[in-house]
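Since each chain sits alone in its own frame, please combine them into the complex, following the hints.
What follows is the residue order along each chain.
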Amino acid sequence: MTINEIIRPENLVYDKPKVMNDTPMHYCPGCSHGVVHKLIAEIIEEMNFQEKTIGIAPVGCAVFAYKYLDIDWQQAAHGRAPALATAVKRLLPERLVFTYQGDGDLAAIGTAETIHAANRGENIAIIFINNGIYGMTGGQMAPTTLIGMKSSTSPNGRNVQLNGNPLDITKLLAQLDGTCYVTRQSVHTVASVRKTKKAIRKAFENSMEGKGTSVVEVVSTCNSGWKLTPEESNVWMVENMFPAYPLGDLKDL
Amino acid sequence: MNDSKKQNIEEVRLMKGNEAIAHAAVRCGCDGYFGYPITPQSEIMETLMELEPWNTTGMVVLQAESETSSINMVYGGAGCGKKSMTSSSSPGVSLMQEGISYIACAELPCVIVNVMRGGPGLGTIQPSQADYYQSVKGGGHGDYKLITLAPASVQEMADHTVMAFDLAFKYLTPVLILADGVIGQMMEKVILPPFQPRRTEEEIRESCPWATLGKPSTRKPNIITSLSLEAEEMETINLRLQRKYREIEKNEVLLEEFSCEDAEYLVVAFGTSARVCQKAVEMARAEGIKAGLLRPITLFPFPTIEISKYADKVKGMLTVEMSAGQMVDDVRLAVNGRVPVEFYGRMGGIVPSPDEVLKALKEKIVTRQLIEN
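Just so you know, the protein sequences line up as chains A and B, in that order.
Our numbering numbers the first residue of the first sequence as 61 and each following residue consecutively.
Our numbering numbers the first residue of the second sequence as 22 and each following residue consecutively.
Bound-form chain B, shown alone (with noise of 0.2 Å):
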């Protein structure tokens, strides 16, 4: 058996989510990780420190001097058309929203990694969930969004990479994993996806047109920037970006459904605080509380339809976020007042536990029902 075909046999490996990541992206075919160490997140940088790609695929891996630094590595990386990344956590991810904002504007695919931790401010290292409005809500300055996944296991986190990236070329947009501690730290079995090769300078230049790698005397000069001083021109910039995410929130939805196929009372949450959900919605099954669960996989686009679907057959619904409650507004929006819907969260790095969820899901839902009818 040759090297290539012994590196492609699915093996079960047990690992921590940040490490997930780091694996996954040299095997996907990265080009370039350039990151900042920021504590929950820097075994992403250490394993690709230990993994030494530069020396097998050919990998840049490259410690910046700021956030905000390695997120403009990112814009160069990826203004050459290479498969460019960074992690950082929740403070680290704030510093580079002046790159995220110019990378979207420029069109350029690239893939950011935000392991959350909770904030505001220097705030704890303990998970947290409390940059979804900053992930979903655009973030810096100007009308733009991230495709946004929120992996919930670690073999997500391995599998949110290579999706993450073919999502970034296929829209021309920076692609968001939104994780938290939880998931970036804990060790789980993951199956690694396969190899794939780099892609040569003639595969980017074919795929990638646009791409910065030199001037061919074929062709005009190719000029990467988020610059227009007119008017006009960069309203036309904005609506093409606008028919960008009209395009992902019609084809690139993802969900997870648990339990809801005769539920009465639907629990909406995403990455850690679903896992939490899960074991509260078994546990209120065993109690012959009909609920379900609805995991949202993309936060951006977010499975407005199919929560929306669910405001006519459930009594009710409860949003459980790491955070004061910021996903919340979006189920909302999905619902538009059709049933209610309430909220349990805790923050500043504390992770709920399924019997609070429960605890929540009848006082808030449950019995107000029961007392309403």
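Extracted from the complex, chain A is given alone in its bound form (with noise of 0.2 Å):
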């Protein structure tokens, strides 16, 4: 078979979604970041929601997600993505509005927004990319950092008597009366990136609905904060994230 016959429109098996533009990502290599986005972006499209969707950007490395996704987007101050995403979505109820935060900016800096918002039950979809460490300063310990898991500023590794414990904070948001839908997913395997789609894909769906908050959390790696290879990197969270972030639903009704 030659190129030009493998490259034939017939034989086409995969596409890049087209809600996603040509922008090169600014994300590390390996990092969960553009598998997310990119879920996103097919689902946005499979709903046929381009012209209906409202993003908010957070602060952290998902900061510049609106170059990658052509929809609406505002980009939010740390840990304020769900007040502009209530507004949103009150001031334009027929839209699709989601927030995508990582675990600094959800679960430290904007636990009170984010708890209100889904307390309240807005009918927005959180997705929630955590890590276990703040990417973009350039790997500070986060609220969700492991015990004993080092980073620039627990050198030493997260030591209880010092820094606290981690903050489950899915499992947390799973207890109001305001969530819906409150999921742990991961993409580390094709199996695993087929679940976390479906996951989002419910979510909007359930916003759409009217049925409450809806909670993506996607457990992910970040090899450069971690200093491991990419391949490590999910070894490592297999091995050391998963047992304190169990994978699955922790609520739907």
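Source of the hints: derived by calculation from the structure; they are not laboratory data.
Note that the Cβ used here is the ideal one computed from N, Cα and C, for glycine as well.
Any given hint might turn out to be false.
[What the hints assert, rightly or not] Straight-line C-alpha distance at most 25 Å; calculated DSS-like pairs for lysine-lysine:
id: 1; chain 1: B; residue 1: K265; chain 2: B; residue 2: K311
id: 2; chain 1: B; residue 1: K241; chain 2: A; residue 2: K76
id: 3; chain 1: B; residue 1: K241; chain 2: A; residue 2: K127
id: 4; chain 1: B; residue 1: K241; chain 2: A; residue 2: K78
id: 5; chain 1: A; residue 1: K112; chain 2: B; residue 2: K241
id: 6; chain 1: A; residue 1: K262; chain 2: A; residue 2: K112
id: 7; chain 1: A; residue 1: K76; chain 2: A; residue 2: K112
id: 8; chain 1: B; residue 1: K311; chain 2: A; residue 2: K98
id: 9; chain 1: A; residue 1: K255; chain 2: A; residue 2: K98
[Stated by the list, open to error] Among chain A residues calculated to face chain B with C-beta under 7 Å, some are:
id: 10; residue: I114
id: 11; residue: D130
id: 12; residue: I131
id: 13; residue: W133
id: 14; residue: R140
id: 15; residue: A147
id: 16; residue: L151
id: 17; residue: R155
id: 18; residue: E173
id: 19; residue: G208
id: 20; residue: K210
id: 21; residue: S212
Right, dumping it as structure tokens:
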């Protein structure tokens, strides 16, 4: 088979979603963000919602999420994405509104905004990337950093006496009456990518059906911050992150 | 007569300044109010919740979990081109400064009401004007300004709400209504503004092409952001902001003059202080002292040129504020040393009396002039 035969349209088995543009991503090779971005783009395209979606970008590695998906975006101050999303959704109830936030943004500086938006049952989807570290600022300790895990501000490993315990905010959000769907997924294997796609699609559909707040946590790798290769990161995540943040649905009403 | 005509009949009502803001917001087609309770301005949200405008105009009213959240809700709403507002009092407005800086940089239109109380810290719940610096010099981080309106009556609370939205959308900038506990709490007669319908989405798409209402296939994505990693790009944004502020300074100065034509002594005061000073000026006139009052209505843009002109006509100026003396700096900059500019103020929630102001005028300006001449 020649190259020209291979690239014939009828042989096409996979294509980049049209919602995703050609801007080169700033994410490190091996980072989970790119995969989750692509899933969101695919879902928006499949739901035919490109004209009806407003994304809220965080502060953190995903601060430039707005550069990659061709939808309308607002970029929030650190931690405030759920407050922006609340207003956008209430003023434009027919739109799909989602936030995309990291662990520092969602579970540290934005804890109040996150909990109260979820508790009010805002009809938004929260996509939560948990890699247990502040990636953008250079690998500092996050609220979700595991006990014993090294970071630039916990160089000897997270110590409970000094730093307190990791915060399982997703578990906390599942307790709130305002949330309808709270799930924890990952994107380190083909199967897990497919599950995460289903989860995000469900979260988007829930918010359009007015069922309340949906939270999809994606336990992710940060190979630069963890100082591991992408492959080692996946192994480390399975061995260390998953026991602390077990995958699966925490709530599905 | 149909309902809409009935609604637009001029009707004199008696209400608090805070209530007037709430009524005016609904009437001028505000889309969303987001607030957090704090004395002495809680009647704004209370009135809105009682009016239930979501049943009439469709306006959203939401009690947020903090002022941090409410100002960021305003960011979200304003980013959609919706007429969005919040209100608070001094400590709450301090908490909003992060959000206000972001909104100023993202060039979003919105209205923020500060019904000032005594500070610093938790301070008091009594009226104050000590947030002048915070209001007109920026407040949060970075080089930005807020158009700042200083109402001195319940009527102006209503009128400034309408005007604030107009200015916010004209210049794509946050507009601050800087009132104080007296103006917020006192009851006066007021004629509420006529009803304007909320803008439709088509009208918003037309007038705010930058708004995030969802991306049609015909345009590029709209992105509301205050971030730019390139220093050159950030300087360009700053230069654009500064050009806008110069334009505002050129076009939007508002002030009121009282007994100024033949004045030998000029009192400069805003808001509640200006009302006290008006009485003091009347008392001075009764004693044969030719005093006048200049009341800045816009604090940014400041009536620098107008005050500067008086520096050539009067023998001295007295600035009166419910603070340790903040606006007096701007009066002195306008006068640039040509005549003495003195200050009288009370702090911590105390409103000065007309007698005190008259005494200060005599001691600090009039007598001094007599001695020197």
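So, going through the hints one by one against the coordinates:
no. : hint              : verdict
1   : B:K265 <-> B:K311 : violated (39 Å)
2   : B:K241 <-> A:K76  : holds (19 Å)
3   : B:K241 <-> A:K127 : holds (11 Å)
4   : B:K241 <-> A:K78  : holds (13 Å)
5   : A:K112 <-> B:K241 : holds (14 Å)
6   : A:K262 <-> A:K112 : holds (17 Å)
7   : A:K76 <-> A:K112  : holds (20 Å)
8   : B:K311 <-> A:K98  : violated (74 Å)
9   : A:K255 <-> A:K98  : holds (14 Å)
10  : I114              : holds (5 Å)
11  : D130              : holds (5 Å)
12  : I131              : holds (5 Å)
13  : W133              : holds (5 Å)
14  : R140              : holds (4 Å)
15  : A147              : holds (3 Å)
16  : L151              : holds (5 Å)
17  : R155              : holds (6 Å)
18  : E173              : holds (5 Å)
19  : G208              : violated (33 Å)
20  : K210              : violated (28 Å)
21  : S212              : violated (21 Å)
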